[in-house]
Amino acid sequence: EITNQVIACAEEGVSLIHLHARNSKGELTTDLSNFSKTIELITNECSIIIEASTGGLSSLTPQERSLPLQNEKVELGSLNMGSLNFLDKVYINTVPDIRYWLQRIIKNRVKPSLEIFDTSNIAISDLFIKEGLIKPQYNFNFIFNYKWGMSFSLSILELLKSMLPKESIWGAIFGGSRDFSSHLQASLQGATMIRVGFEDSRICNYGEAKSNLELVKEIRRELRMLGFDLANPDEARKLLGII
Numbered sequence: 001e002i003t004n005q006v007i008a009c010a011e012e013g014v015s016l017i018h019l020h021a022r023n024s025k026g027e028l029t030t031d032l033s034n035f036s037k038t039i040e041l042i043t044n045e046c047s048i049i050i051e052a053s054t055g056g057l058s059s060l061t062p063q064e065r066s067l068p069l070q071n072e073k074v075e076l077g078s079l080n081m082g083s084l085n086f087l088d089k090v091y092i093n094t095v096p097d098i099r100y101w102l103q104r105i106i107k108n109r110v111k112p113s114l115e116i117f118d119t120s121n122i123a124i125s126d127l128f129i130k131e132g133l134i135k136p137q138y139n140f141n142f143i144f145n146y147k148w149g150m151s152f153s154l155s156i157l158e159l160l161k162s163m164l165p166k167e168s169i170w171g172a173i174f175g176g177s178r179d180f181s182s183h184l185q186a187s188l189q190g191a192t193m194i195r196v197g198f199e200d201s202r203i204c205n206y207g208e209a210k211s212n213l214e215l216v217k218e219i220r221r222e223l224r225m226l227g228f229d230l231a232n233p234d235e236a237r238k239l240l241g242i243i
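Per the UniProt record's numbering, the sequence shown starts with residue 1, numbered consecutively.
Among these hints, one or two may not hold up.
[Unchecked claim] Straight line, CA to CA, 27 angstroms or less: simulated DSS-like cross-link-like pairs of lysine-lysine:
id : residue 1 : residue 2
1  : K89       : K147
2  : K107      : K210
3  : K107      : K217
4  : K135      : K238
5  : K89       : K135
6  : K210      : K147
7  : K89       : K37
8  : K135      : K73
9  : K238      : K217
10 : K135      : K161
11 : K107      : K37
12 : K130      : K238
13 : K107      : K25
14 : K147      : K25
15 : K37       : K210
16 : K73       : K161
17 : K107      : K166
18 : K238      : K25
19 : K161      : K147
20 : K161      : K238
21 : K166      : K217
22 : K25       : K73
23 : K130      : K107
24 : K89       : K107
25 : K130      : K89
26 : K166      : K130
27 : K107      : K147
28 : K89       : K166
[Said to hold, decoys possible] Just the calculated beta-carbon pair ranges, DEER-fashion:
id : residue 1 : residue 2 : range
29 : K238      : E12       : 12 to 22 angstroms
30 : G190      : K135      : 35 to 45 angstroms
31 : F86       : R178      : 15 to 25 angstroms
32 : S36       : K107      : 15 to 25 angstroms
33 : L57       : N34       : 14 to 24 angstroms
34 : D229      : T43       : 16 to 26 angstroms
Hints were generated in silico from the structure; no laboratory data involved.
All residues carry an ideal CB built from backbone N, CA and C; glycine is no exception.
Please model the entire structure based on the sequences and the hints provided.
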C-alpha cells in the first residue's frame, strides 16, 4: 500500500518522501524487514528521495531509533533538534542523543534534515554546527501547529528565518491543517520544501482525504495557481545539497 501510494505521488511530481520503520500493526519497530522491502520496491520504480525518520513517540532507545539510517537507499535523515511537550506526553530528544544521531548520520553518509519545534532548537543546531557535526548546506524544517509546539504566524516565521545561519534553506510542516493556506503562505515566504501527508493531517480543504495522493494532487493544484511547480528528484537533490 505504501509503495503504491509513493509511486503514484512520484508520478504527480513529489520528489521526497518521509518514512518511519513500522511493523504490520503500524508501531515503530527495530525490525526493518518491512521498511527495507518497501524502499526496495519504491526505488525499483522511481528515483524519489528517501528520508528516514529517527523520531516518533515510542519506547525505542536512541540506538534503535537510528537503525533506519543504515539502509543504503536513504539519502536524508530527519533529526529532531530538541524536546517537546506533545499533547499529554513529552517527546524527548536530549542534546547527547542528538549528538549520537548526528554521528550515525555522518557514518551512514546521510544528509540531516534539522527539525525545529521552537527557537531553542536553532541554538542547539548552532552548537553542532560549531562542533563540525553539521556541515553546509543546512536544511531546516520548521514544525508548526503540533500541540504544544509553535503556532504558525508570519511574525514567528520571520523570526525563525532571521535566526538561521548562512548557507541555509528551510521548509515547513504543519500539524492538524484544515486546508493548505499556511503551506501556501510559507511557499510565498521562500520555503524550499512543503510537506503534506497523513502523518500531519488527513484533512483536505475541510474534508477527509482518502489517501496521501489526494493531498498531493490538491497542494500541487493550489501551488500551480500561485505560479509554483514541484522540483523533480534530481532538482531536489541539488536544492537539498545531496549532490
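Structure-based check of each hint:
For the proposed pair K89 and K147, the alpha carbon gap of about 10 angstroms is at most 27 angstroms, so the pair holds. Pair hint K107 plus K210 does not hold up; C-alpha atoms about 39 angstroms apart against a cutoff of 27 angstroms. Our distance criterion of 27 angstroms between C-alpha atoms is broken by K107 and K217, whose separation comes to about 36 angstroms. Distance check on the hinted pair: K135 and K238 sit about 15 angstroms apart at the alpha-carbon level, within 27 angstroms; holds.
Simply put, K89 and K135 have alpha-carbon atoms about 32 angstroms apart, too far for the 27 angstroms limit, and the pair is violated. In summary, the hint linking K210 to K147 is supported, as the alpha carbons are separated by about 24 angstroms, within the 27 angstroms threshold. As the CA atoms of K89 and K37 are separated by approximately 32 angstroms, the hinted pair breaks the 27 angstroms bound. A threshold of 27 angstroms between alpha carbons decides the hint, and for K135 with K73 the separation of about 21 angstroms falls inside it, so the pair holds.
Proposed proximity of K238 and K217 is supported: the alpha carbons are some 24 angstroms apart, at most 27 angstroms. For a cut-off of 27 angstroms, the pair hint linking K135 to K161 stands: about 18 angstroms separates their Cα positions. Annotation: proposed proximity of K107 to K37 holds, straight-line Cα distance about 22 angstroms (limit 27 angstroms). Our distance criterion of 27 angstroms between C-alpha atoms is met by K130 and K238, whose separation comes to about 24 angstroms.
Proximity of K107 to K25 is assessed by CA-CA distance (about 30 angstroms); at most 27 angstroms being required, the pair is judged violated. At roughly 25 angstroms between alpha-carbon atoms, K147 and K25 fall within 27 angstroms of each other, so this suggested pair holds. Annotation: proposed proximity of K37 to K210 holds, straight-line Cα distance about 24 angstroms (limit 27 angstroms). Only pairs whose Cα atoms come within 27 angstroms are accepted, and K73 paired with K161 is rejected, the gap being roughly 31 angstroms.
The suggested pairing of K107 with K166 holds, with an alpha-carbon distance near 25 angstroms, which does not exceed 27 angstroms. Proximity of K238 to K25 is assessed by CA-CA distance (about 36 angstroms); at most 27 angstroms being required, the pair is judged violated. Proximity of K161 to K147 is assessed by CA-CA distance (about 21 angstroms); at most 27 angstroms being required, the pair is judged to hold. A threshold of 27 angstroms between alpha carbons decides the hint, and for K161 with K238 the separation of about 21 angstroms falls inside it, so the pair holds.
Between the alpha carbons of K166 and K217 the distance comes to roughly 33 angstroms, so the proposed pair goes past 27 angstroms and is violated. Restraint check for K25 and K73: satisfied, since their Cα atoms lie roughly 24 angstroms apart, inside the 27 angstroms limit. The hinted pair formed by K130 and K107 meets the criterion: a straight-line CA distance of about 19 angstroms does not exceed 27 angstroms. Pair hint K89 plus K107 does not hold up; C-alpha atoms about 31 angstroms apart against a cutoff of 27 angstroms.
For the hint pairing K130 with K89, the CA-to-CA distance comes to about 31 angstroms; that exceeds 27 angstroms, so the pair is violated. The hinted pair formed by K166 and K130 meets the criterion: a straight-line CA distance of about 13 angstroms does not exceed 27 angstroms. Among the hinted pairs, K107 with K147 is inconsistent with the structure: their alpha-carbon atoms are about 33 angstroms apart, more than 27 angstroms. Taken as a hint, the K89 and K166 pair is broken in the structure, with Cα atoms around 34 angstroms apart against an allowance of 27 angstroms.
The hinted window of 12 to 22 angstroms between K238 and E12 holds, with their beta carbons roughly 21 angstroms apart. In this structure, G190 and K135 break the distance hint of 35 to 45 angstroms, their C-beta atoms being roughly 22 angstroms apart. The supplied range of 15 to 25 angstroms is met by F86 and R178, whose beta-carbon atoms lie about 20 angstroms from each other. Here the CB-CB span from S36 to K107 is close to 18 angstroms, well matched to the stated 15 to 25 angstroms.
About 19 angstroms separates the C-beta atoms of L57 and N34, a value consistent with the hinted range of 14 to 24 angstroms. Checked against the given bound of 16 to 26 angstroms, the beta carbons of D229 and T43, roughly 24 angstroms apart, stay inside it.
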